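**Student:** Each chain, written out:
Number of protein chains: 4
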Amino acid sequence: MGKINVAIYNEYYHERHDEKIGAIYPKGMHQAIADALSDDPAIGNIVLATLDDHTTVLSQECLDNTDVLYWWGHMKHREVDDEVVKRVCLRVNQGMGLVVLHSGHASKVFSSLLGTQTGRLRWRESDDKCLVWVVSQGHPIVEGLPPCFEVPADETYGEQFGIPEPDELIFISWFEGGEVFRSGCTFKRGAGKIFYFQNGHETYPIYYQDEVKLILKNAMHWARPYQKKIVYDLGGGNAPPKVSGRVER
Amino acid sequence: MGKINVAIYNEYYHERHDEKIGAIYPKGMHQAIADALSDDPAIGNIVLATLDDHTTVLSQECLDNTDVLYWWGHMKHREVDDEVVKRVCLRVNQGMGLVVLHSGHASKVFSSLLGTQTGRLRWRESDDKCLVWVVSQGHPIVEGLPPCFEVPADETYGEQFGIPEPDELIFISWFEGGEVFRSGCTFKRGAGKIFYFQNGHETYPIYYQDEVKLILKNAMHWARPYQKKIVYDLGGGNAPPKVSGRVER
Amino acid sequence: MGKINVAIYNEYYHERHDEKIGAIYPKGMHQAIADALSDDPAIGNIVLATLDDHTTVLSQECLDNTDVLYWWGHMKHREVDDEVVKRVCLRVNQGMGLVVLHSGHASKVFSSLLGTQTGRLRWRESDDKCLVWVVSQGHPIVEGLPPCFEVPADETYGEQFGIPEPDELIFISWFEGGEVFRSGCTFKRGAGKIFYFQNGHETYPIYYQDEVKLILKNAMHWARPYQKKIVYDLGGGNAPPKVSGRVER
Amino acid sequence: MGKINVAIYNEYYHERHDEKIGAIYPKGMHQAIADALSDDPAIGNIVLATLDDHTTVLSQECLDNTDVLYWWGHMKHREVDDEVVKRVCLRVNQGMGLVVLHSGHASKVFSSLLGTQTGRLRWRESDDKCLVWVVSQGHPIVEGLPPCFEVPADETYGEQFGIPEPDELIFISWFEGGEVFRSGCTFKRGAGKIFYFQNGHETYPIYYQDEVKLILKNAMHWARPYQKKIVYDLGGGNAPPKVSGRVER
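Residue numbers (the working numbering), protein chains in the order written: chain X, 101 to 349; chain B, 101 to 349; chain A, 101 to 349; chain G, 101 to 349.
Careful, some of the hints might be misleading.
Identical chains share a label here; the pair holds if one copy fits it or two copies do between them.
[Claimed, not checked] Within a straight-line C-alpha distance of at most 20 Å, the following computed SDA-like cross-link-like pairs (lysine to any residue) qualify:
(1) Lys313 to Tyr326
(2) Lys313 to Pro240
(3) Lys313 to Asp152
(4) Lys329 to Val185
(5) Lys317 to His177
(6) Lys103 to Lys313
(7) Lys127 to Asp181
(8) Lys127 to Asp182
(9) Lys176 to Asp310
Rather than coming from a laboratory, the hints here were simulated on the basis of the structure.
None of these values were measured; they are calculated from a predicted model.
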């Protein structure tokens, strides 16, 4: 297969309005995510989009040329353009991969694709230690990971997490305070693969951690489409189906 | 458990604008569906709603008192009020059952809850014979059904059906012209159970057929909520979770 | 529906060979489980079986009249009779419910039905506090439970748990030492429903705890068959299928 | 990733005891399957095993070096060695891919891994035309296939198929006589991926058909393990888990 073209959306608000966060991610979390992927031999183009420019950057043409889209948002979900959300959701159904990160659980794209109204969950901010347990051994997304790894401190997310039963549950996380969370989940919509990964609160340098970088990379390979854009034959009229029995070459 | 309160939404357009269809369902398909349920010992109230009055009938109070909502729509999906759609989707997440019938696959409520943009599928109108095969033996929805039953003529639906992988695949249908279709599927969103059932094109007396009436009835029992309205504790703040360890009585 | 006939298998070894355990369960864990179910208005017969008498008690006739079978075993899995295991597995495929408890994860019946060789998991014995989180809101098995409850001390089980992806993940447990575990899972085999529940190590009075008793009761209602014994028509020969289109009454 | 080492088990009975079948597969179906894979750039070794030599050929060493095992059996399931079955099932749990073909649905390896007693289904032999419909668009196994293709004649399989709910339903087949069948299904056991594909009765030249050859090839890429042999840390003792937080390199 060819190179993997990636687009990364980051709200890019906290980094510019909070000195401490800006010090952790001086070029924004989107750049940190891009850096985590950039040394992968399979990487193609990396397009960066933020709230300020997403309506122009995430054009139909851009999405048509994107294999995997990463999404990080938090405070400004409502300001994301509805046309962009529609375009993204349709492209996912046509085969584009989507990796939703941390508070992206409440983004328009994630809730629209999952059919949850809220993506609700329990949360706390108290520097809890987080242990991320692999539950789906042998899955491409966990390739190279140990059975469990530690995130020294992150925002605590906890059940009940308002998602449909995931197709595959990849990670379950343990938090010092007593919560558990389905921190890695896969879903499929149409021909498109979706991966949600919890860790990555803006106040911690989590996207620099080796295990997290590896997960971002593995997810890119897992979520990439295997086929060119899927266009469905919806039939219609009253003719019986034409069965080509021909392999597309 | 107590009685089951049901609400039935039917677009109620075809029956009034096409003589042949009006002759099959003189009081509308909603009445035929209500009649199929009315002799069940567990039945409580049955509320009937149509496109004309759905904004007032399907009020929050009505939905709060509804255990299972049936939904039939076809030509007028776009005219369904978005506020009603939001109310319905939220109530499903809180535990209300939803039974989506036939071309309801393209309704706003179904696509919003499933996260499909289109609910697309193949279709033909040619009086094909349809064989409905049970694939999920022992499921409450198939109780009392034979392994396979015939619908003498119906609109043909065919794969690919644009839905997420169902939680449970209940029926697969065979059509004379060569199509197959996942004609009975279950999904869960939040605390609410959703059942999609394909058969029931407006031009055929399908909602009078014994097997179909039994399915509508079984689906009501399966989809009813087991708990009072689910209200999720979203935590927040920075306190660790209060663990009551107390059974709610 | 009629009364629910239950059978309970307990190895019944620890209680008779360890004074402390015998003091907790003087009549055996099977009796404690029976007591948890006995005041349910829907309860029918309760048959008790132990390792010593299971070959005679769990006869074909007994299993044919059993709606839900509970299974607790630990040290003596290998001594369970293979004919009984076959009978149980076949009956589950025909519709009998099965509730597998604690170290029953390694029993012949559970591994045979799940297709795991081992049902392997991580474990520790150190009186860890266990928090049991509901993840499947609105499921019949969690009816009446709070979002989370505490088991003051139990054996620690942890991922990776060698099971296929459950049909429904009902509970995830948190342990003080850092483990997480999919402590409540449902599976279906043929027409039979299977529920695995983790808590219940022999050295703790867990089957006397209200939440656990409620779970045992809810599981009985959830796992009971909806249809009489399922007998599959396997066709054969070369005749096309006879489609009765007749509702079984 | 490196080359893919494949092993193919074929009962190899019909081809030698029925002239017509021998004329279709003069070197046996295992050779036809090998030929379908042999021109794939990723192919490594191909080991061929038959009922006569499977106890020696399918040794532990061979299985340890196998990435994907294909399995075709029909009349002689019972004669397959139980030690080989155990080795195969354990290796699948450790990550080896398994592709089960046609009447392999009743093989010991398939029933043991799925937990079905029988793998039962309906069947007829009457040269029915079979239409294979893709239901899982964008899945690697359907890459390059049209939405539907025709198998001119095959043995008819029909529901109810005695399998657990598949992780992914890939194909549904339509048969002239009225049956439908879940003809392509995926399952996961431990770290191993399993694909069942129906078409391929011994009396038809189906393994020479382009679409079927493509499916065999795609399945090889999909089922290959991503990680070296998975060895699970089962913990034990009473120490809390050692969390390396180290990426395995």
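**Student:** Now tell me if each hint is right for this structure.
**Tutor:** Hint-by-hint comparison with the structure:
no., hint, in the structure
1, Lys313 to Tyr326, "between (23 Å within a copy, 18 Å between copies)"
2, Lys313 to Pro240, "within (14 Å within a copy, 25 Å between copies)"
3, Lys313 to Asp152, "neither (26 Å within a copy, 49 Å between copies)"
4, Lys329 to Val185, "within (18 Å within a copy, 31 Å between copies)"
5, Lys317 to His177, "neither (25 Å within a copy, 41 Å between copies)"
6, Lys103 to Lys313, "within (19 Å within a copy, 26 Å between copies)"
7, Lys127 to Asp181, "neither (23 Å within a copy, 44 Å between copies)"
8, Lys127 to Asp182, "neither (26 Å within a copy, 40 Å between copies)"
9, Lys176 to Asp310, "neither (28 Å within a copy, 44 Å between copies)"
Of the numbered hints listed earlier, those contradicted by the structure are 3, 5, 7, 8 and 9.
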